[in-house]
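What follows is the residue order along each chain.
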Amino acid sequence: DIQMTQSPSSLSASVGDRVTITCRASQGISNYLAWYQQKPGKVPKVLIYAASALQSGVPSRFSGSGSGTDFTLTISSLQPEDVATYYCQKYNGAPLTFGGGTKVEIK
Amino acid sequence: QVQLVESGGGLVRPGGSLRLSCAASGFSFSDYFMSWIRQTPGKGLEWLSIISGTGRTIYYADSVEGRFTISRDNAKISLYLQMSSLRADDTAVYFCARGSSGSSFLDYWGQGTLVTVSS
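Just so you know, the sequences run in chain order A and B. Each residue of the first sequence is one higher than the one before, counting from 106 in the numbering used here. Each residue of the second sequence is one higher than the one before, counting from 157 in the numbering used here.
Hints listed in this document are in silico derivations from the structure and should not be mistaken for laboratory results. Some hints could be false.
Claimed, not checked - Result set (DSSO-like, lysine-lysine): computed pairs, CA atoms no more than 30 Å apart in a straight line:
id	chain 1	residue 1	chain 2	residue 2
1	A	Lys212	A	Lys144
2	B	Lys199	A	Lys147
3	B	Lys199	A	Lys144
4	A	Lys212	A	Lys150
5	A	Lys208	A	Lys144
6	A	Lys208	A	Lys147
7	A	Lys150	A	Lys208
8	A	Lys208	B	Lys232
9	A	Lys212	A	Lys147
10	B	Lys232	A	Lys212
11	B	Lys199	A	Lys212
12	B	Lys199	A	Lys208
13	A	Lys150	B	Lys199
Stated by the list, open to error - Just a sample of chain A residues kept apart from chain B, beta carbon distances all over 10 Å, derived:
id	residue
14	Gln143
15	Gln160
16	Ser165
17	Arg166
18	Asp187
Unchecked claim - Facing chain A, a subset of chain B residues (Cβ under 8 Å, in silico):
id	residue
19	Phe183
20	Gly200
21	Glu202
22	Tyr215
23	Tyr236
24	Leu262
25	Gly268
Glycine included, every Cβ here is placed at the ideal spot set by N, Cα and C.
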C-alpha cells in the first residue's frame, strides 16, 4: 500500500508568515491528493483537491501544488483562524490513506 | 444542504460488536460513494472503508478487513458500519463522509460518534 508522509509534524509561525507543509507519497499518485483542515474540536474540512484545486469557499491564501509523489500546501499569510491540524489524503484508489497530520500554531 | 448524522456509538466490551449508522440528507444519496473514517482521541485520521453508490464496490483498510462490514440502504438513505471482534485500539470517534461527485475525496463529513472499547 502507498504510504503518505507529512512534514513537519508541527510548526509554529507568526501571523502573516508564509507556511508550507509537505506531503510525500511512497509511490506516484498523479494529482489524486486532497488537503483537509481540522480545527480543534471540529470536523475535518476539505481545502484542496486534485492537488491544487481550491474547494469552494476556501480562502485564497490556501494553495496546493505538486504531482506524482511530492505535494505542498501553502498558506500565504497565516491568520489566527488557521490554527488547526492539516492532513493530506491520497484518493487514487483504496486504501484512501491519510498523512499523519501537521499541527499549525501561532507563535 | 448536505447533512450526515452518525449514531450508534457507545461503550462496548472487547470482543463485542456494534453497528454504526449514518443518516444522509440534502443530496442524491445513491449517486455517491461513502466512506467511514475514524480518529483516535488526540491522534490522526484513519480511513476505514468505502462503498459505491450501488453498494457493489467495497474496499477496507487492512486494520479492519474481516472484522468490519460497510453497507448502505439507499431506500433508507443510510450508511452502516457493522463492527465485530472489537479491540481496545478500535476506540475512536467514527465519521461518515461523502465522496465528492466523480471522485473520492471527502467533501462532507458527519459530526462523528464515539466508540469506546473497554471492559
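Comparing the hints with the structure gives:
In summary, the hint linking lysine 212 of chain A to lysine 144 of chain A is supported, as the alpha carbons are separated by about 17 Å, within the 30 Å threshold. In summary, the hint linking lysine 199 of chain B to lysine 147 of chain A is supported, as the alpha carbons are separated by about 13 Å, within the 30 Å threshold. Distance restraint check for lysine 199 of chain B and lysine 144 of chain A: the Cα-Cα separation of roughly 13 Å lies within the 30 Å cut-off, and the hinted pair is therefore satisfied. A hinted pair counts as satisfied when its Cα atoms are at most 30 Å apart, and lysine 212 of chain A with lysine 150 of chain A qualifies at roughly 24 Å.
Taking the CA atoms of lysine 208 of chain A and lysine 144 of chain A, the gap is about 10 Å. The hint holds against a cut of 30 Å. With a C-alpha separation of about 14 Å, the suggested pair lysine 208 of chain A and lysine 147 of chain A falls inside the 30 Å cut-off, and the hint holds. For the hint linking lysine 150 of chain A to lysine 208 of chain A, the alpha-carbon distance of about 15 Å falls within 30 Å, and the restraint holds. Taken as a hint, the lysine 208 of chain A and lysine 232 of chain B pair is broken in the structure, with Cα atoms around 38 Å apart against an allowance of 30 Å.
Pair hint lysine 212 of chain A plus lysine 147 of chain A holds up; C-alpha atoms about 22 Å apart against a cutoff of 30 Å. Between lysine 232 of chain B and lysine 212 of chain A the alpha-carbon distance is near 48 Å, which puts this suggested pair outside the 30 Å criterion. For the given pair, lysine 199 of chain B sits about 22 Å from lysine 212 of chain A by alpha-carbon distance, which is consistent with the 30 Å threshold. The straight-line distance between the Cα atoms of lysine 199 of chain B and lysine 208 of chain A is roughly 11 Å, inside the 30 Å bound, and the hint therefore holds.
Between lysine 150 of chain A and lysine 199 of chain B the CA atoms are separated by roughly 16 Å; this keeps the pair inside 30 Å, and the hint holds. Remark: the non-interface label on glutamine 143 of chain A conflicts with the geometry, its nearest Cβ contact in chain B lying 8 Å away (cut-off 10 Å). At roughly 7 Å, the least C-beta separation between glutamine 160 of chain A and chain B is not larger than 10 Å, which violates its mark as non-interface. Listed as a non-interface residue, serine 165 of chain A keeps its Cβ farther than 10 Å from every Cβ of chain B; the least gap is roughly 19 Å.
Every beta carbon of chain B lies more than 10 Å from that of arginine 166 of chain A, the smallest distance being close to 20 Å; the non-interface claim holds. Non-interface status of aspartate 187 of chain A relative to chain B is upheld: no Cβ of that chain comes within 10 Å, the nearest being about 18 Å off. With 8 Å as the threshold, the beta carbon of phenylalanine 183 of chain B stays out of range of chain A, its nearest partner Cβ sitting at about 15 Å, so the hint is violated. Interface restraint check for glycine 200 of chain B: the shortest CB-CB distance to chain A comes to about 5 Å, inside 8 Å, so the restraint holds.
With a cut of 8 Å, the hint placing glutamate 202 of chain B at the interface with chain A holds, because the nearest CB-to-CB distance is about 7 Å. At its closest, the beta carbon of tyrosine 215 of chain B sits 3 Å from a beta carbon of chain A; the interface hint therefore holds under the 8 Å criterion. A distance limit of 8 Å between C-beta atoms decides the matter here; for tyrosine 236 of chain B the minimum to chain A is near 18 Å, and the interface restraint is violated. Because the smallest distance between the Cβ of leucine 262 of chain B and any Cβ of chain A comes to about 6 Å, under 8 Å, the interface hint for this residue holds.
Residue-level restraint check for glycine 268 of chain B holds (minimum Cβ-Cβ distance to chain A is 7 Å; threshold 8 Å).
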